[in-house]
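Number of protein chains: 2
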Amino acid sequence: MDLFAKICIDKNSLEHMYIQLFKSIKNMIEQGVLKANDKLPPIRQLADLLGVNNVTIVKAYDLLEEEGYVYKKIGSGTFVKPSGNYRYLNEQHKYPVDEDFRQMDRGQIQIRNNMISFASATPTPDLFPVEDFKNLLIEVLDRDKGSAFGYQESQGYYPLRESLVSYLSAYGIFTHAENVQIISGAQQGIDVISKAFVQFGDSVIVESPTYTGAIATFKSRGAKIIDVPIFEDGMDMADLEGKILTHRPKLIYAMPNFQNPTGYSYSQQKKQKLLELASRYNVLIVEDDYLSELSFHGYESATLKSLDIQDMIIYVKSFSKIFMPGLRLGFLVIPQKLHHQILAAKHASDISTSGLNQRAFDLYLRKGIWKQHIHYMKNIYEERFEIMVHCLEKYMAPLGVSYTLPKGGLNFWLCLPEGYSSNDLYHECERNNILILPGSIFFTSQGESRYFRLSIAAVYPHEIDFGMKKLSEIMEKFLKAKATSNINAYFPIL
Amino acid sequence: MDLFAKICIDKNSLEHMYIQLFKSIKNMIEQGVLKANDKLPPIRQLADLLGVNNVTIVKAYDLLEEEGYVYKKIGSGTFVKPSGNYRYLNEQHKYPVDEDFRQMDRGQIQIRNNMISFASATPTPDLFPVEDFKNLLIEVLDRDKGSAFGYQESQGYYPLRESLVSYLSAYGIFTHAENVQIISGAQQGIDVISKAFVQFGDSVIVESPTYTGAIATFKSRGAKIIDVPIFEDGMDMADLEGKILTHRPKLIYAMPNFQNPTGYSYSQQKKQKLLELASRYNVLIVEDDYLSELSFHGYESATLKSLDIQDMIIYVKSFSKIFMPGLRLGFLVIPQKLHHQILAAKHASDISTSGLNQRAFDLYLRKGIWKQHIHYMKNIYEERFEIMVHCLEKYMAPLGVSYTLPKGGLNFWLCLPEGYSSNDLYHECERNNILILPGSIFFTSQGESRYFRLSIAAVYPHEIDFGMKKLSEIMEKFLKAKATSNINAYFPIL
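Here the protein sequences come in this chain order: A and B. Reminder that position 486 of the first sequence reads as 486 in the UniProt record's numbering, one-by-one numbering, no gaps. Reminder that position 46 of the second sequence reads as 46 in the UniProt record's numbering, one-by-one numbering, no gaps.
Next up, chain A with everything else stripped away, as it sits in the complex (with noise of 0.2 Å):
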């Protein structure tokens, strides 16, 4: 107790007592004064010591229960967690392996000269138009000059936006420059979007397993994320409604067209359900489509947000899977009456996005470059598809490793047998100079799992018969050896 006899509530000070006790307790844990299973002191004991009220020392604990901090044992008390699931602290000591694998996933990682990545979601630089966009960005610096270089609107540069509702049209996106938003990416989309309607304690749906990026963005709002399964035609409909009547989120977020990581995509029927729900229950739906444009065998990948007629949907649009991800532009298509509040969080971000690479990606899209670029990238990508499919066929399923063709995209979701963790199969592929990526970092139960990721967008078709050939080796050995790992929780529904 003499540890904390020490802390000290200040009774005159504004800020509510059980918050400075929190603060206290937290500091403690976190400065590692307190260890993992230490016990706190009982309620009543606490109290008389510090002089406090009861309820103070009851909120506080709860507080703490709250952040991760600690747990309580019924008729035991209440202790401090061990691996603490305390947000920023945790985040540092997981950092050396997930981080490993967020930046892989965005192609960050230095990988060896003689490495197949089939890690990197992310398409390789020689795809990149630079020579016309070069061009482009000439001519906007002789045009505009020093405007080129001002704070561009928070908004976005309204050509641009006039540009995109063009754009958006040929999708089925009836939309105007009023209600689009300029954003630096997908992810800062997410970002703003949380800033704007995500408060400490709201709840977010997110599908299981979705994209790292959201789910650490939607944690440091301080958000509660709930889980639900994706299936192969999107979420379980039943699952969603009674989430969203437990914990009246504050909105869902969603892929519905091949989602990162599955590639799954919803049916027409679960999209139009979806729809249903948001409006029955008034919840805000954020539609991440990084990649609809990748529709193989004429699948239809209608957006939600074309089918939005009560403009209920945040329609988020990123270019870096198709065009160029450093130049970290992406758009927001808005509900008319949620204008003011993104854009304050906008605003609070970062001002605005850089105004050079708007306006030459305007003259892009006007000039019709865009539309050949799609093409183009559409004719490559099928072409890795079809070899990756035809791969798949040839080496994953003798193995007895599952999987579903996904409609279109990058990505494909493969399954291990029962007792492997694909945590294990990536060393053992890293060591092998192919990079997978593991499935574990698309849960947020943070547990191992069966599933891994094979994309597409960072390798040459000559290189997916090789890397899968390979794989396939690895994976005859490592599922021969006796099963090592502890996994202690699966996905038995995924």
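These aren't lab readings, by the way, just hints derived from the structure by calculation. Bear in mind the structure is a predicted one, so any value in this text is a computation, not a measurement. Honestly, I wouldn't trust all of these hints.
Identical copies look the same in the list; a pair holds intra-copy or inter-copy alike.
[Stated by the list, open to error] Derived pair list, reagent style DSS-like, types lysine-lysine, alpha-carbon separation capped at 27 Å:
1) Lys224 <-> Lys407
2) Lys73 <-> Lys224
3) Lys469 <-> Lys6
4) Lys219 <-> Lys477
5) Lys480 <-> Lys39
6) Lys367 <-> Lys394
7) Lys39 <-> Lys371
8) Lys219 <-> Lys469
9) Lys72 <-> Lys470
10) Lys367 <-> Lys134
11) Lys270 <-> Lys367
12) Lys337 <-> Lys219
13) Lys81 <-> Lys378
14) Lys243 <-> Lys219
15) Lys145 <-> Lys367
16) Lys470 <-> Lys6
17) Lys39 <-> Lys134
18) Lys73 <-> Lys243
19) Lys224 <-> Lys243
20) Lys145 <-> Lys134
Fit chain B to the supplied structure of chain A, relying on the hints for placement.
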């Protein structure tokens, strides 16, 4: 009570009941179901009605108060706050006025052709080195091709971080590329730092008045903002120490040189004292250096970071005022031990800053063009500065308007005689085609203020005398008219 009978509390939910209740009532307030000054039900009554414990109601009401939705009157109960200080909704309500002002600060307002803007602190586009930069962009694209458009590392392009290290040494800051984090402008720097270190309920100390963008970001994190008045030689150190002890802030946000909006600079003594307090109480200091290059008359504008022997300062460097805001480029120098938290927060914000701009700016530094540019800008601004100093003496002093001459920078902070509000003056000026920035927006308390800010960034030398003469004529009339506005809040110290 009928309204409240409809509240549905799910006892089986993983979400605490008080959080569920908090959200229900919050929604009723936001949706206008509960109106200003409506009384919430007495605790016991609501507890009976919902079949929950009294403590649940107490905790929900406390959280509502904490979040600015309700106020309590001792002995009479809990009531809905009238001018709701609740965060987002409020942001929306006050949007038209405040956002206008904030945007003016960034030169984002379309001003009429015949207007003179002393409101914007952003340089006019003719001062941007467009041709030089265009050539560097071309050079980079010819050199790096597609790599310039790939995802840049989240921490920033390594060669640029090296260049910045060498640039910083000229300002007495000795660091390593590992301690430099590239950001998309200073606003994002503040946002990233907040994400990494400020949680819901934490306190943050700011100078009062201060930069509005910082306040918006801290508020968006759910932080409690603690004001410490700033004087001509820096914050009141006794007050600061007291508030550190009382509020145990997560960080202190300060602009030690040519503070925005006051133009005040900390004395050497107070800079040292600030460092000492940070060290004694283990508080993080965020130094926002947006202008220290612009010191005139040989004033020694040492940054805190250059005095930071104990590596406790996060240094935020913006180039928007002296270079090109549209690049959205700045950087942080971070204490060694805080890397991972900052990097994770940057990653969750926008993954990385545009690589093309980073690469071109790197060349700009390496080729020495940057040094020439600073020199050029300093000369231009110094000319305007001197004209303004002269005009203040000539036009403002005789009117009883008080001010302190800054030692550099772009901003002048003026104070009207007692009884007058600069909000009113703003409107008078705007009608007469002169833009000023009323002081009220720089105070967290949102009241009226006698202060206003004049900036020389966006006015040409010949406009300054003309504009100030006109301003003095407007003010003469304004001061003669009886003070008609209802000034509720003064800031007596400042």
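Do the hints match the structure? See the list:
1. Lys224 <-> Lys407: Result: close neither inside a copy nor across copies, 32 Å intra and 49 Å inter.
2. Lys73 <-> Lys224: within (21 Å within a copy, 32 Å between copies)
3. Lys469 <-> Lys6: neither (63 Å within a copy, 61 Å between copies)
4. Lys219 <-> Lys477: neither (38 Å within a copy, 55 Å between copies)
5. Lys480 <-> Lys39: Cα proximity of Lys480 and Lys39: none, with 45 Å in one copy and 69 Å across.
6. Lys367 <-> Lys394: neither (43 Å within a copy, 55 Å between copies)
7. Lys39 <-> Lys371: The answer is neither: 63 Å in one copy and 59 Å across copies each exceed 27 Å.
8. Lys219 <-> Lys469: neither (39 Å within a copy, 54 Å between copies)
9. Lys72 <-> Lys470: For Lys72 and Lys470, neither the intra-copy (48 Å) nor the inter-copy (69 Å) Cα distance is at most 27 Å.
10. Lys367 <-> Lys134: Result: close both inside a copy and across copies, 14 Å intra and 21 Å inter.
11. Lys270 <-> Lys367: neither (37 Å within a copy, 57 Å between copies)
12. Lys337 <-> Lys219: Both. Shortest intra-copy (26 Å) and inter-copy (22 Å) distances satisfy the 27 Å Cα cut-off.
13. Lys81 <-> Lys378: neither (49 Å within a copy, 55 Å between copies)
14. Lys243 <-> Lys219: within (18 Å within a copy, 29 Å between copies)
15. Lys145 <-> Lys367: Classified as both: same-chain Cα gap 20 Å, cross-chain 22 Å, threshold 27 Å.
16. Lys470 <-> Lys6: neither (61 Å within a copy, 62 Å between copies)
17. Lys39 <-> Lys134: Neither: 62 Å inside a copy, 63 Å across copies.
18. Lys73 <-> Lys243: Within one copy, since 26 Å is at most 27 Å while 37 Å is not.
19. Lys224 <-> Lys243: within (12 Å within a copy, 32 Å between copies)
20. Lys145 <-> Lys134: Both ways: Lys145 and Lys134 sit 15 Å apart in one copy and 10 Å across, limit 27 Å.
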